[in-house]
Every structure is written in C-alpha cells, then in structure tokens.
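> Put chain U on the given structure of chain G with help from the hints.
The lines below spell out each chain.
2 protein chains.
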Amino acid sequence: MRNIKLTIEYDGTNYAGWQRQNNAVTIQQKVEEAIRDVTGKVSEVIGSSRTDSGVHAKGFVCNFLTESKIPAEKFKKALNSFLPEDIVILQSEEVEISFHARFNSIGKRYEYTIITGDQRPAIGRNYMYYFYRKLDIENMRSASKYILGTHDFSAFKNAGSSVKTSVRTIKEINIVEDGNMIRFIVMGDGFLYNMVRIIVGTLLEVGTGRFKPEYVVDILKSKDRSKAGKSVPANGLCLKEVFY
Amino acid sequence: MRNIKLTIEYDGTNYAGWQRQNNAVTIQQKVEEAIRDVTGKVSEVIGSSRTDSGVHAKGFVCNFLTESKIPAEKFKKALNSFLPEDIVILQSEEVEISFHARFNSIGKRYEYTIITGDQRPAIGRNYMYYFYRKLDIENMRSASKYILGTHDFSAFKNAGSSVKTSVRTIKEINIVEDGNMIRFIVMGDGFLYNMVRIIVGTLLEVGTGRFKPEYVVDILKSKDRSKAGKSVPANGLCLKEVFY
Numbered sequence: 619m620r621n622i623k624l625t626i627e628y629d630g631t632n633y634a635g636w637q638r639q640n641n642a643v644t645i646q647q648k649v650e651e652a653i654r655d656v657t658g659k660v661s662e663v664i665g666s667s668r669t670d671s672g673v674h675a676k677g678f679v680c681n682f683l684t685e686s687k688i689p690a691e692k693f694k695k696a697l698n699s700f701l702p703e704d705i706v707i708l709q710s711e712e713v714e715i716s717f718h719a720r721f722n723s724i725g726k727r728y729e730y731t732i733i734t735g736d737q738r739p740a741i742g743r744n745y746m747y748y749f750y751r752k753l754d755i756e757n758m759r760s761a762s763k764y765i766l767g768t769h770d771f772s773a774f775k776n777a778g779s780s781v782k783t784s785v786r787t788i789k790e791i792n793i794v795e796d797g798n799m800i801r802f803i804v805m806g807d808g809f810l811y812n813m814v815r816i817i818v819g820t821l822l823e824v825g826t827g828r829f830k831p832e833y834v835v836d837i838l839k840s841k842d843r844s845k846a847g848k849s850v851p852a853n854g855l856c857l858k859e860v861f862y
Numbered sequence: 619m620r621n622i623k624l625t626i627e628y629d630g631t632n633y634a635g636w637q638r639q640n641n642a643v644t645i646q647q648k649v650e651e652a653i654r655d656v657t658g659k660v661s662e663v664i665g666s667s668r669t670d671s672g673v674h675a676k677g678f679v680c681n682f683l684t685e686s687k688i689p690a691e692k693f694k695k696a697l698n699s700f701l702p703e704d705i706v707i708l709q710s711e712e713v714e715i716s717f718h719a720r721f722n723s724i725g726k727r728y729e730y731t732i733i734t735g736d737q738r739p740a741i742g743r744n745y746m747y748y749f750y751r752k753l754d755i756e757n758m759r760s761a762s763k764y765i766l767g768t769h770d771f772s773a774f775k776n777a778g779s780s781v782k783t784s785v786r787t788i789k790e791i792n793i794v795e796d797g798n799m800i801r802f803i804v805m806g807d808g809f810l811y812n813m814v815r816i817i818v819g820t821l822l823e824v825g826t827g828r829f830k831p832e833y834v835v836d837i838l839k840s841k842d843r844s845k846a847g848k849s850v851p852a853n854g855l856c857l858k859e860v861f862y
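Protein sequences, first through last, are from chains G and U.
Position 230, counted from 1, in the first sequence is what this note's numbering calls 848; the numbers after and before it change by one each time, with no gaps.
Position 30, counted from 1, in the second sequence is what this note's numbering calls 648; the numbers after and before it change by one each time, with no gaps.
Same shape as in the complex, but just chain G (with noise of 0.2 angstroms):
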C-alpha cells in the first residue's frame, strides 16, 4: 500500500464545497472519480480541509492510500486528463503512510480579495467580493494586529463544525492594495469554520468605520459571534497554501 499526497488548484464556483455529500456535486467526488478512473480501484481521499461552496484553491491538499503501481509523480498527468477543466493536480507526491492531510497540518494561508469601484465586475467576479463602500485600509490594519497572536476566536466562528478548542494562532494578516483591488492575506496554523470571512468581514466593519480598531479586542474577549462583522461571501476566499 501507498500513501499518495496531492496538490490541487480549484475553481470552487460551481462547486458544493470540498467535502463529498449525497445530493450536490463536491470536488472530493471529482477527485475520487478521477482515482477510480486510472486506477480501477475506489480509493477514499482525505482533504485538508473543508472548504465551503463557491471557495477557490490554489494549493489544497489531500492525500489517498492506493495499491497501484503507477510512479507518484505520474499521477498528476494520469488524474488532470480525467478531471474537469476547474479542477487541476499541481503535484502529485509518494509520502510516508502515516501521512494525514488534515491531521499532519501545521498551518494554512488564505487569500481574501475585495473589489471596490463605482460598478460591480463583471470579469472575474467569481473570484472577488464586490464592495462600494469607501475604505480606510490604514484602520483595518490597526484592527487587524488585536487579532494576530493567539486567542479563544469563538466570536469568530459560525455553527457548523465540532471542534475540542477555538483557541487558534494567527501568524500573519496582511492587507494588500492593488488598484482597486484589496487582498487580505491571513495565515495561522488553523482555522474555525468560517473564521476567514468572518475575520474579514469584521475589518470591512473597521474599514468603514462602524467598529473602531480597539474593538475587536472587545469581540474577541466577548467570545460572542454576534459581536464579530458578518461573513463575507464564498467567492472572494482562496486557500493558497497547507504547510506541513
């Protein structure tokens, strides 16, 4: 038996999210589709993560224990020529069989990307969160440096997933301008559900000056989601990396 470590880029837009379920199409079920196809055998594969409906990915992971023979890095080719044109094996990898997706995660980036202007986009507007509100970048990074370090983030999670702590580390949140463009790069060694957009869209509160900056210490001390921005939507959220 082998341990096969993969590395995907997806566009999650029409997609219902990572995770295999019963009535929706998943880009788990793409994947294992994928397997069967060049293996001929029914292989289940264990993702980083979950990411929800409308979420992108340049560098997923997962992994899948498999008899067959064909070298690992051959895998990429083999998997791309079965999968559909918004889901692409970046890499494919022999590792350890002990190795786990999710468990073994030391980390993730995310990518947030915000669109501001007179008029929505219509190109590529699957990829970034239309906002026409005025912004004031420099008070969302005073904001955003309350929430790096480590902290109970339960204000900052929505009902969903059963996890033992909310306690998490943030290790770094970077707020980009790029023409009209603005990216929110949030990295810590691990995420609750929604806790990106969640974070993002308390500092859009902060940016247009419904919170002050010093608030957020308030939200995060108060451990109530209600206190916390609303989460933005599904489309402007990319998970960039998974460190190991």
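Derived by calculation from the structure, the hints in this document are not laboratory data.
Among these hints, one or two may not hold up.
Copies of the same chain look alike in the list, so a pair counts if it fits in one copy or across any two.
To be verified - Result set (BS3-like, lysine-lysine): computed pairs, CA atoms no more than 27 angstroms apart in a straight line:
id	residue 1	residue 2
1	Lys-841	Lys-782
2	Lys-752	Lys-694
3	Lys-752	Lys-676
4	Lys-839	Lys-858
5	Lys-845	Lys-763
6	Lys-839	Lys-694
7	Lys-659	Lys-858
8	Lys-648	Lys-848
9	Lys-845	Lys-648
10	Lys-695	Lys-752
11	Lys-845	Lys-752
12	Lys-752	Lys-692
13	Lys-695	Lys-676
14	Lys-659	Lys-839
15	Lys-752	Lys-782
Relative to the frame of chain G, chain U by itself:
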C-alpha cells in the same frame, strides 16, 4: 430624440458574441432587453464592433437612440439593475445625434492573455489561453516590430466579414511578462475579422521557433491566410478601449 453612448464591461464566456442572433444568446440582445425594460421602448443598439463568442470586453462602446427623458448618466444604474451579472455598464452619456459607435471609431486597443507553466489553470481559465511550450519573448518582440505600421493584413484575416480594404495601421504592440502570464497589447485604427488572434497566433509560432521573426514580412507580403499562424482561442482576448 437623444443619442446615448454606453461603455460596457462584459465576460463573454456564456455568450455567442456581441451581435444579435436568432438562435443564441448575445450581449447585444441582453443590452437591448435592458433598454426596453428601462425605457419601455425597443431601441436598436449600435456596437463598436462584433466580438466573437467567448471574447471579453472592459471598454466596449455602443450607442442607441431614445425618446426617454431619463438623464443620460442615470442610464448606467438603471440598466445595471436589469443586466445579468456578467454584463456591466461602466458609463452612460449623451452624445451628438450623429455619433455612431462603429463608423466614428478611430481605433481600438485589445489585450490577449496567455498563461504558461506546467499545468493548465483552473482559476481564471476563461480569461487566458494556456500555452505550455517555451516561448522566446525577445524573438516575439522582434517579429512584432514588422507588424507595426500600415500594411495590407489580408494574411491576418479569417473569412467571415466583407470589408472594402484589408489595409490597417497597427500603432502599438507590447508584449508584457507578468509572472507566468504574457500579455499582448495591440492598438490599431481598426481590425479585420480575427486579426488580433491571428497576430498573436503568428507571434507564438515565432516564440516557439517555428517561424523566424523576419518571416512575418513574407507573411504580410503573401496576403495568404494559410501562411500566418493559427487563430488563438477567444477566451484570452479582451477589448480594452475604443477610441473616437
């Protein structure tokens, strides 16, 4: 009667091009339907050009005559509320009654985007053409200099439109590298059918080494379509600006 000029952004992926057709959904049709919804009257819209199925625009221009009393600048918001998410009016303004979006155009700027690399892209795949072979950028730049200026571009046009002359003036060709993307920026006084896509296809033949840069001179002189490169796919092409 008033004449309204519209500047439009659209994602051409799901349309059979600009021009109205009987059996396919086009951008012209969507814009005319939105005008009818806003004004209550049918207006024919005159486009600056036909764009093919799958071609995008950031600055397409069209105009229409109307008896509506709606202030010109209000058309933008009104039409956008009726248009689908892949078509956006960027600007609406009143122009002289004699203004004609096609006949008065004195030039256009197009951009063609190629992505290189080991794997086809999933994210953004509708906006770029994946080309996996190595390209010699400097040779493509040398070749592009022969295309600059006024020539008979008969070798660079596909059958499909009747025009009086095949003489056009190309004022600018810039080839810009941006990570693993290559953008071809082409500006000219007018373009024959598929001309930008055939220019890019010909430059790619130079980039891979199949054509020498100087061979472009022979292609132009031959006026023979079969001598030039292939017409590259529509999805990489975007009409950026129309000049008046």
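> Run the structure past the numbered hints and jot down the numbers of the failing ones, going up.
4, 6, 7, 8, 9, 14, 15
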